[in-house]
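A.B. asks: Next come the chains, spelled out residue by residue.
2 protein chains.
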Amino acid sequence: MALNAPTDRTRVNRLPKRGDYSLETIYGILDAAFVCHVGFVVDGQPYVIPTGYGRSGDMLYLHGSAASRMLRTLAGGVDVCVTVTVLDGIVLARSAFHHSMNYRSVVVLGKARLIEDDAEKTTALRAISEHIIRGRWDDVRKPTAQELKATAVLTLPIEEASAKIRTGPPLDEEDDYALNVWAGILPLSISAGEPVADSRLAAGAKVPRYLTYERGGKQADRQK
Amino acid sequence: MALNAPTDRTRVNRLPKRGDYSLETIYGILDAAFVCHVGFVVDGQPYVIPTGYGRSGDMLYLHGSAASRMLRTLAGGVDVCVTVTVLDGIVLARSAFHHSMNYRSVVVLGKARLIEDDAEKTTALRAISEHIIRGRWDDVRKPTAQELKATAVLTLPIEEASAKIRTGPPLDEEDDYALNVWAGILPLSISAGEPVADSRLAAGAKVPRYLTYERGGKQADRQK
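From first to last, the protein sequence lines stand for chains A and B.
Quick note on this note's numbering: the first sequence kicks off at 9 and runs consecutively.
Quick note on this note's numbering: the second sequence kicks off at 9 and runs consecutively.
Hints are not guaranteed to be accurate.
If several chains are the same, the list does not tell them apart, and a pair holds so long as it fits within one copy or across any two.
Subject to a maximum C-alpha distance of 16 Å in a straight line, what follows is the list of computed EDC-like cross-link-like pairs (lysine to aspartate or glutamate) [said to hold, decoys possible]:
#1 K150 <-> D180
#2 K150 <-> E128
#3 K150 <-> D183
Rather than coming from a laboratory, the hints here were simulated on the basis of the structure.
Let the hints inform the model, and build the full structure from the sequences given.
C.D. replies: Okay, structure coming up:
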């Protein structure tokens, strides 16, 4: 897959070995998380808001109420930063100083565009839905014209982006390896519990298969 | 616990029922997550960077390499937004439109201050360490003067903050309840796997007890 050349704004300067600019890596991380954090500026103050998202090719999609301040601000074509983080573990070193986390994160910079066309909007909403629970879209009632109107959908091209990744064991000072301190990794992942049925479920509605294949936090299964 | 009055910048305007300004709620969410997302502005461009953090009373602590751009920028006293998000589940409705997520998030706005004093710095680093793995600090080699110098630690007062929370089942259109579509919640949580020992572990170093009491994603156990 193509490279996404780093810019002065996306290059990982500290610990440059952790930087990765390949689209394959970037897309893989974007596809592995449920929530992104969107950064934007209002009157000089940065705001960071969590929200669901989707990806299709080199497009990132965000959505929300047409009345939301975040969506209205972003629709104005302001500079935005969308960050996605997957936490893979806690790295326990022998010294406090060398403790760390294993993670995969992506930063996407750019300006979002409001999608006006209803067909394009529906395609984007489908991508968001499929990102969060693949297979769900086909089962549910699709948006009405009124619901589409009440929903703002934005698209952000993945053109200026970088990934930052830490993997592997702790890296301790040579002298510290002799210490009688347990060191290693505590792996972390998002796992799903038993689906909780709504109290007003129609008779005969069964738990869909796509709620089980994601369980156990196997992020790889979520990748497109 | 005291109320933290909302300001025009932290008030939850859309779906105001989801807003919560009590310090008890805000602290509880801050104590339940491993990673925060820090928003700051450089040359008009917002950046959102994930990082570990800690809390002690009404102080939030951030740390990193003294060489990090983020830490150097924040130490300059710029406006910052620190957001913490705990994802509790995916809310599956009968219509695409009413899908949602259950989550707890906190936004803290303000200006961070660089901690210069070594004793205060060590206290803050201990708070960060204890936040991530309670009990770890006492086991490990403490920072040397040189390591302290290489670490920048910032403190951000939790003075202008709000929480936003969604819980509960999907809320569908009345007509949609008759649809033969499964609806409910897929609970999500962070869970820990088996600790992976470092390959250079000293003979006799045992897995500490604090790596087991957090397992299973029981966030409540993490709260102070």
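A.B. asks: All hints are to be evaluated individually against the structure, with a verdict given for each.
C.D. replies: How the hints compare with the structure:
1. Taking the closest pair of Cα atoms, K150 and D180 come within 16 Å of each other only across two copies (13 Å); inside a single copy the shortest separation is 54 Å, beyond that limit.
2. Proximity of K150 to E128 under the C-alpha cut-off of 16 Å is restricted to the intra-copy arrangement: shortest distance 14 Å within a copy versus 56 Å between copies.
3. For a Cα distance limit of 16 Å, the shortest separation of K150 from D183 across copies, 14 Å, qualifies, whereas the shortest one inside one copy, 62 Å, does not.
Violation of the numbered hints given earlier is absent; every hint is satisfied by the structure.
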